[in-house]
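The hints should help you fit chain C onto chain P, whose structure is shown.
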Amino acid sequence: MSYAAAPVPVRLPIWRARFVLFAFVSAFAVLLGRSLWLQAVQTGFLQERGEARYSRVLEVPATRGRILDRRGDALAISTPVKSIWAIPEDLKATAAQLRQLGQLLGVEPRELERRLTGTSRDFVYLKRQIPPETAARVAELGIPGLYQQREFRRYYPGGETMAHVVGFTGVDDIGQEGIELAFQASLAGASGSRRVIKDRLGHVVEDIEAIRAAQDGKDLRLALDSKLQSLAFTALKHAVETHKAKGGALVALDTRTGEVLALANVPSYNPNNRARLTGAQLRNRVITDLFEPGSTLKPFTVALALDLGQVTPETVIQTAPGRLTIARHTIHDAHAGGAMSVAQVIQKSSNVGAAKIALSLPREEMRENFRRVGFGAPPQLGFPGEAAGKVREARTWRPIEQATMAYGHGISVSLIQLARAYTAFARDGELLPLSLVRTDMPVAGRQVLSAETARAMRAMLEAATQPGGTAPRARVMGWRVAGKTGTAHKLENGGYASHKYIASFVGFAPASDPRLVIAVMIDEPSAGQYYGGAVAAPVFAQVMQGALRLMNVPHDAPLTPIELPGEGEEAREST
Amino acid sequence: MAKLNLLLLLVLLACAFGLVTSQHQGRKAFAALESELARARELDVEYGQLQLEASTWGLHARVAKVAADTLGLRAPDPRRVRVIELAPAQSRP
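Chains as they are written, first to last, in my numbering: chain P, 1 to 575; chain C, 576 to 668.
Across the chosen pairs, the derived CB separations fall in these ranges:
| no. | chain 1 | residue 1 | chain 2 | residue 2 | range |
| --- | --- | --- | --- | --- | --- |
| 1 | P | 111 | C | 624 | 25 to 31 Å |
| 2 | P | 114 | C | 613 | 34 to 40 Å |
| 3 | C | 629 | P | 210 | 32 to 38 Å |
| 4 | C | 629 | P | 213 | 29 to 35 Å |
| 5 | P | 529 | C | 651 | 26 to 32 Å |
List of simulated lysine-lysine pairs, BS3-like, C-alpha gap at most 25 Å:
| no. | chain 1 | residue 1 | chain 2 | residue 2 |
| --- | --- | --- | --- | --- |
| 6 | P | 500 | P | 390 |
| 7 | C | 603 | P | 198 |
| 8 | P | 237 | C | 640 |
| 9 | P | 244 | P | 490 |
| 10 | P | 92 | P | 127 |
| 11 | P | 390 | P | 356 |
Chain C residues, not near chain P, derived (Cβ > 12 Å throughout):
| no. | residue |
| --- | --- |
| 12 | 576 |
| 13 | 583 |
| 14 | 584 |
| 15 | 589 |
| 16 | 592 |
| 17 | 596 |
| 18 | 644 |
| 19 | 647 |
To be clear, the hints were calculated from the coordinates, so they are not data collected in a lab.
Every residue gets a Cβ at the ideal spot worked out from N, C-alpha and C, and that includes glycine.
Same shape as in the complex, but just chain P (with noise of 0.2 Å):
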């Protein structure tokens, strides 16, 4: 018989159905339930993570600005390089990938060692920018634990010349000297951030969002003409080398716009590699150091008494015997001159003369005149440490100190103050402001001296660097020069030593219509020679002769060779 072919009718009871059905419902419910739970309330915390998985915030770097003297050449520019750095738990090399390693890098095999082995870090940076193509034959070697970084390094095609001036920025790419210290916040510029899709292979596939865009730094144009400043640095060099000085610094101002078109210092260094640096080089003389200026400060005191109506330039002054005692002090003259008008004291440089003529001012006043030409505040060209200097106040100072003071003594000013205060004579009584930074506009300065003045004190200071003057050898052929020399005992202790100086000239060029003002200082030279005529002012007619040809200023003066004086000459003061 068979089951199929008489099928027995089977009556279920229908409670089991009923249980499938609400089995089945539920399930069905538990999975609307979960997916509801899912899509609606947990969405937002369920796409953040699905999106981790596959979107990176990618950094992107920003270049820090060029730094550009006036016509365009660059001074510093960043380039990309690479940092070797590497996880010492993680790095397996064979011996032979080491030595290769070390060759490419430029480390002793054994230094590598010590520097993966001896440490519990596990972050060693094995060698800091190297160049591109290096980098990309350290990836070839496939070590792994071996990583690279991008960087930016910093480079200084100017090198020496341009050292001062420039600056330099730190291994992470921040400011630490000079204009890119003081510029740091303009050149840096920021780096962004973007959102990206990636995919398995590290593609990027997609951009979701930019999180913040990447600001490159600004170029900065500079006022620096880099064929001036060569020229000036290979002057001050040659000079301090030949004096056997300790040290030498040079500023020169263009008198319409006030930009720096020079700054030299002696001794510098090489500012891509600064392996060995020491105070001296590092010192900004121009700006940052204090010294006294001796007699280059007497056409102040001159000017002064013009200003005030006390002399003419023809007025006589006594200065015979060449000495002058005042409460136990003597001011001595380097050679006695008798009676000479005032023209006379400015062009022999007679202590003596300015001495008697500061006496018969108001102290109030040739301090207040002191300060109009800028001493004894800083010059606001925004360059870190720039040195105001001193000008003590008028009613502490003693009679010898209000004649000294007339000849540069007992106050302290920097190079590039002294330059700025002789743009005054320059540009008929107006004091200039200055930029470091390209103008290249004419600008109005602050009156401190009426222009009457003004061009007296030209015709004085060119006479200075005539025949008979203290600076013959500031001469240039072509052009007519105006200047004045200074030569001061070094501070030392306390006191003045007896046979260190500091030779200086200050002085502008044409005389009849000034475009260049140049102010030079050279530091102890002492190879025989100290005057300022003698060892300042040749490097001003150096420069001077090829800035103007450079600048193509028009001759005022016929192109005839100069006759230079004999030895001893010429007059000579003695601060």
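Same frame as chain P, now just chain C:
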């Protein structure tokens, strides 16, 4: 009814393929953009390096040395220099 459903299904399929294709095109275009941007950055870096090189070759001291040593150039004797005065109208070209 069944015909309409079939038609809608076809339309749906077409849309779906269109979406996939445009997404793919978009990614390809984006990849091209990325590589061009990378190239732009590379060229920028190269430009900086070339500028650096130009500055180094063009150093005043080096130019002066080459002019004097290799080319034998020197400033003319002042007695043989003639300065030509421009008429005022011509002085500003």
